[in-house]
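On the provided structure of chain A, position chain B as indicated by the hints.
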Amino acid sequence: MLKVEDTQTPVEFSAALLEQFADFVSRYPEGKQKSALLPMLHAVQAEHGWLSSKAMDKVAEYLKIEPIEVYEVATFYTMYFLRPQGKYVLEVCRTGPCCLVGAEKIMDHIEQTLGVKEGEVTADGLFSWRGVECLAACGFGPVLQIGPEYTFYENLTPESVDQLISDLTAKANN
Amino acid sequence: MGRKLLLEHINVPGINTLEVYRQKGGYAAMEKALKTLTPDEVVEEVKKSGLRGRGGAGFPTGMKWSFLAKPEGVPRYLVCNADESEPGTFKDRYLMTHIPHLLIEGMIIASFALGAKTSYIYVRGEMMPQIRILERAIAEAKNAGFLGKNILGTGYDLELYVQPGGGAYICGEETALIESLEGKRGNPRIKPPFPAIAGLYGCPTVVNNVESIAATVPIIRDGGDEYAKIGVGRSTGTKLISAGGNLAKPGVYEVELGVPVEEFIYSDEYCGGIANGKRLKAVVAGGSSVPILPANLILKTIEGNARVMSYEGLSEGGFVSGTMMGSGGFIAFDEDQCIVRNTWNFTRFYHHESCGQCSPCREGTGWMEKVLHRLEMGHGKMSDMDLLVDVSKKIEGNTICPLGDAAAWPVASAIRHFRDEFEWHVTNGAEAVSRNYGLAHYADPLPKPEAAV
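These protein sequence lines map, in sequence, to chains A and B. Position one of the first sequence corresponds to residue 1 (our numbering), numbered consecutively onward. Position one of the second sequence corresponds to residue 1001 (our numbering), numbered consecutively onward.
In case anyone wonders, no lab produced these hints; they're calculated from the structure. Just so it is clear, the structure is predicted and the values come from calculations on it, not from any experiment. Heads up, the beta-carbon is just placed ideally off N, CA and C, and yes, glycines get one too. Among the hints, erroneous ones may be present.
To be verified - Now the stretches of chain A that chain B is said to cover, found in silico as 3 or more residues with beta-carbon under 8 Å:
hint	region
1	24-36
2	39-48
3	78-87
4	94-101
5	124-135
6	141-152
Isolated chain A, as found in the complex:
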C-alpha cells in the first residue's frame, strides 16, 4: 500500500528543475521518455527533500504516463523518500562487511546522539538517520552517506560522527 503523507499541498517545480527534466528526456529515443523517470525523481527529491504524491503526479503529467507508473517506481527503489525527512539524512551501511568493522556500534551511537529512532526526525528538523544496505565501500567501513549530493564519510568512529553532526549543525545554523 502506498503510504504518502500530505496529498493536498500543491507543488511547483522550479525553472532549473524543468531544465533538468528536458535534459534527461533528450537522452532517450523518441517515445521512450519514461526512461527519465528515475533521474527526474532524484532531481525532485534534491529540490524538495522528499516525494509528495502531488509531486509524483506532476512528474507523471510531464512524462505523459499514468501516476501509478510513478508510484510503483518510487515505492520500489529505496532511495526515494515518501515522507518528509530531516535536512540531513544520515544513511549508515548496515551490511556484513561494515558490521565486521563496527557499523552496528556507529548506528547505536547515532541513535543515542540524535535521540531519535531510525526513520524519525529530530525536533529541530535537522537530522534523521537510517540503516541502508551495502554502499559498495566495504574497504573503508564503517561508512555513511548524506544526500542529495550523497557525500561519503568513511572509516567512521564515534568521534568522527560527533564531529560530523556538530559541523552539520553549525552549517545549518549559519
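Just chain B, lined up with the frame of chain A:
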C-alpha cells in the same frame, strides 16, 4: 610484483583528467580500434583474450558480444552495468572515481565493436559523486572529439549517457537493469529472449560490467593474445579484487589471476595479513553470494594444494569444499566474528533486496532471516539447521533470476562448514548472546585425503 593493466596509473596526480590520461597513453587503444580494426576484428581480439565477465558470472565477454543480433534498421545498445551492489565489492566505485576515462575509452571501443550509436552507463543511484565524475569525463571526451558525430573522422557516431539507479541490488541483474533503465521497477525478465535478441526498448543489447569494459582497453592496446598470456588456464588477465573485512590493508588490488590466496591475504604487496594481529577464521571470496569457507579451506584445497585466485582455483572442490570467484569481493573474518550473526545479516540483505516477483525468493528469504535471527538471539532449535538447508534448497534454481541462488548459497555453505557453531548457538543460547564461538578448529590443518581404494 604482478602486472597492472587497469590500475597502472591510478596514483598519477590528475589521472582523472583527459589531459593526464592521454599523457599516459590513454585513448590510443580507442584510436587503434576505430582507425585500424573493423568491429568484427575488435570482437575477435576480445575473444582471443579469453576475458570473462568481471561482474560475477564469468561468462566469456567476446562470446557474449558475438551473440548480439544484428537485424537491419534496428538500433543496438551497449549498457555498462555500474550498479555495483554485491556486499564486499567496491572495485567499480574505485575505478570510476580515480580513472573514469578508462571506462569511457572502453565504452567507445565496445560500442564500436557492437555497432551501438547510443550507450548508457547505469550507475547505482548512491554513487552520485561518481555520476558527476563520469559526466565531467564524458564532456571532456566529447570536446576532444572522442564522442559525438564522426569520431576522429572515421564516420562512427556515438552518444554516451550516464543513468542513475534508485537503490536496488536487483538492478545489477542485467534484465532488471534494463527494466530500470526503461523507467520501471527492477523486476528481472523471463529469459529467453536474452538481451542479445531483445533488450533495451526491445532492441538487441549487451550489458557488461565496468571492469569488463575497462579491460577491453589493454586488450585492444596489446592484442588479445598478449592479454591471454597473463593468468592461468581459462582465467586470463588481471582481476580487481575488493578486499574488505578484518584485513590489515583493505582496499582494491589488481592481481594477475592465479596468485595464491595465502599470498593475497598475508603478503605486504596485498592485504598485509589480518588486522590487529588476529587469526583468520573465514573468507567470503567473491561477494556475499558465494559460499563462505573456513580459513583452512580457503588457503588450501581439499587435496592439500595451495588455493589460487582464479575462476577455477576458487571453485576447485565445487560447493563441497570450494567457492567461486564471483565479483571479486573478498571479505575476511577474524577469529572474533560470529558466523551465525553474519549469515543472518546477509540473509536480511537478500530479503530486503528481493524484488518480490518469485515466491520462493520473496517468502524463503524472509523465513530464513527469521530463523537465523532466532538462532543468533539464542532461541534456536536443533532442527533449525536442517530447516534452513531445506528452505535454501527450495529457493535455489526455482526463481527467474540468480538472486534466489545468491540468497541460498551463503546459508547452505555456512551450515555446511560451520554447523558446530550453529549448534553451539542452540545448546548455549544465553552464552551465545554475550560472546562468540571463536576460532575453534576452523584454521586447523585439514586431514590428509585418504588414498583411493
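For each hint, the structure was consulted:
For a cut-off of 8 Å, the count of residues in the region 24-36 of chain A with a CB near a CB of chain B stands at 6, and the three-residue condition holds. Coverage of the region 39-48 of chain A by chain B holds in this model, with 3 residues showing a Cβ closer than 8 Å to a Cβ of that chain against a need of three. Only residues whose C-beta sits within less than 8 Å of a C-beta in chain B count toward coverage, and the region 78-87 of chain A has 3 of them, enough to reach three; the restraint holds. With 7 residues bearing a CB less than 8 Å from a CB of chain B, the region 94-101 of chain A meets the requirement of three and the coverage assertion stands.
Against chain B, the region 124-135 of chain A contributes 4 residues with a C-beta closer than 8 Å to a partner C-beta. That satisfies the three-residue criterion, and the hint holds. With 8 residues having a beta carbon nearer than 8 Å to a beta carbon of chain B, the region 141-152 of chain A meets the requirement of three or more and the stated coverage holds.
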